[in-house]
Amino acid sequence: MTLTRLLRRCAATMFLAVAAAPAHAEPDTPAYPPRFELSGFGTLGAVTTDDKDVWFLRYGVNYPGEKDPDFSPDSLVGIQGSLRLTPYNDITLQGLVREDGDASQDPQLTLAFFRQTLAPGLSVRLGRVRVPFFMLSDSLYVNYANPWVRPPVEVYGLNPFNDLDGVDFIYNARLGAFDIEIHPYYGGGRIPFPQGKARLKEALGLNLGLSRGDFSLHLGHGEGSFTLERGDTLFLAVSNILQRTGQGGVISDLSGTHGRTSFDSVGVQWDDGSWQLIGEYARRKINRYAASAHGWYLSLGRRFGPVMPYMVVARQTLDEQFAEARMPPGRLAALWDLFLMSRNNAQRSITLGARWELAAYAAVKAEVTQARPDGDSWGSYAPRFDAQTTRIGGRTMNTFSLSLDVSF
Amino acid sequence: MTRMLRTCFLAFSLLTAPGALAQIVIVAGARSPLPELTPEQTEQFYLGRAHTLPDGSVVTLADLPPGSIRDHFYQQLTRKNASQIRAHWSRMVFTGRALPPQQADSVAELRQWLTAQPNLIGYIPATEADGRVKVLLRLP
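First to last, the protein sequences are chains A and B. Quick note: the first sequence, position 23, residue 23 per our numbering, numbers continuous. Quick note: the second sequence, position 74, residue 74 per our numbering, numbers continuous.
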C-alpha cells in the first residue's frame, strides 16, 4: 500500500514536471535527453452470450456486467509517458482505466519504473512492471498487439495477478543465428476483488525468449507465496457449515495467508507475414486457496491483405481441487459443490474470428467462441441470477465479441 | 462469395503494393562518431532489442512517417510487414521494453535532426543521401 502510494506520488510529480518542461511544447526538438514520449492504447469492446442466464467473465476477476451486450470485459484505455533522462536511463509510467474486480473503473497505475542500462543489452527496471508469468502476460491488455479480441482465457485465466512491484532485468543478446532474451524478475502485487483481497509476495521467476526469423519460443517459470482472504457470502456460508460439521480445519485451505504457487509456460509463435501460428501451454500449481490447473491454446491465422481470419482451439483442465470436505447429502453437499465449482474455470472452446486493419494503428476484430465448461466448472462464465439454480457446467455457450483496438 | 472476396483482396493488394522502390540507406549525421553498422545490428536496433553498440555508446532511432519508404525499410531489414511491425512495436513500448523511435515528418526534418544529434540514426532513400549525412549501411 505504501509502495503504491509512493508510486502514485512519483507519477504525479513526473507528469507535473513534464507538463512544466518547455521542451515538451517544441515539436521540432531533436531526440536529446531529457525527452518526453507520450503514447497510448485503447479498446472498445462488446461481448454478448446467447444464453441470457450467464455472463462472460474475461479473467476471473472481471466483475459480471449489468448490461447486454457487456462492454466491461474488454474496454479499456491506457496512457503511457516515458521521460528519457539521459541516454542510459528513463522513467516510464502507464495508467490504465478498465473495470477491475471491484466493478469500479478507477485509474490503475500499471507501469511505474526507473530503468537503467547497465551494459550493452542489459537493463534493470525498478518499480512496477507487469507480471510476466506467461508468454503474453505483460502485454495482456494491449489488445492491438494481439491478433484476437483477447488472449485465450483458458491460459490467461490461470493467473489473476497483473502488477509486479519489484525489480527485473532484461538481457538481449545475439547467439549465433538466434536472438535471446533473458528476463529474471522479483516482486509482489495485489488484486482487488469484491469482499476480499489477494496478494502475491516474493514472486521470483525467469523467462527465456529465443527467436530466429519468423519463429520465436518462450519458456517461463515463476513461483511465490500468496494470500487470498475471502469475505464473500458463499465463502461465509460454507465456512459456517464446515464449523458446524466439525471440519473447521478445512477453512484454512479456502482462505488465508499461507499459499504457495508456481507458474510454468511454454509458448511458440510462427509468423511469416502470411500465416500466423501461436501456441502456448501453461500450468499453475497451488497448495491451497485455489485450484491447480493447466491450459493450452493453438491459434492459426492467415492474412489476406488487411484482413486476417483466425481459429483458436483452447482447453483448461483442472488438476487438483484445493480442499476436501465430507458434507451430508442434500443442500449442504450442493452448497459445497457449488463453492468448488465456482472456483473451477476448466472448459474447452473453439473460436472463429477475423481481424481487420482498419487503418494504421487501428484494428477491428470480431469473433464467436463456442465454449463448454466442464461438468464441475463455471468455465469463463458466471450465473446472472440465482447461482444455486443456474447450472453452467456441461452446457455449450456461444459468445460473440466485437472490438475496436487503437494504439497511438 | 469467396471469389468476390478474393478479388477484393487482390485489388486492395495491388492498390497498396509499393512500386519499384529505391534503395534504402541507414544514415547518421556527417560528423557522427558512429561506425558502419551490420544488417544484424541495425535490425536489433529497429526491433527495439538493443540500443547500444558493443563499446557501450548509445544509438537513438528515428522513423519516417507511415508510408511506402518506411514499410519498404522494415520489410527489407526485418522481413516484417507494416502490420507485424506495428504490433511488434506496440508490444515493445507498452510492456516498457523499449522507447519508440522518434518520428520525423519528412526526410528534410530527419536530416536536420541527424545533424543536431550525433548518436541518432535514420533511414532515407539512397538518392537522398548527400554530404550532410554519413551512410552506415546500404540495404540490398
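Source of the hints: derived by calculation from the structure; they are not laboratory data. Computed from a predicted structure; not experimentally measured. Beta carbons are placed, not taken as given, at the ideal position from N, Cα and C, and that holds for glycine. Be careful, since some hints might not be right.
What the hints assert, rightly or not - Derived coverage of chain A by chain B (criterion: at least 3 residues anywhere in the stretch with Cβ under 8 Å from a Cβ of chain B; other residues may be distant):
1) 34-41
2) 71-85
3) 135-145
4) 167-181
5) 370-382
A quick look at each hint next to the structure:
1. 34-41: holds (count 4)
2. 71-85: holds (count 4)
3. 135-145: Since three or more residues must qualify, the claim that chain B covers the region 135-145 of chain A holds, with 5 doing so at under 8 Å.
4. 167-181: holds (count 5)
5. 370-382: Our answer is that it is violated, as 0 residues pass the Cβ test (under 8 Å) against chain B, missing three.
Of the numbered hints stated above, the single one contradicted by the structure is hint 5.
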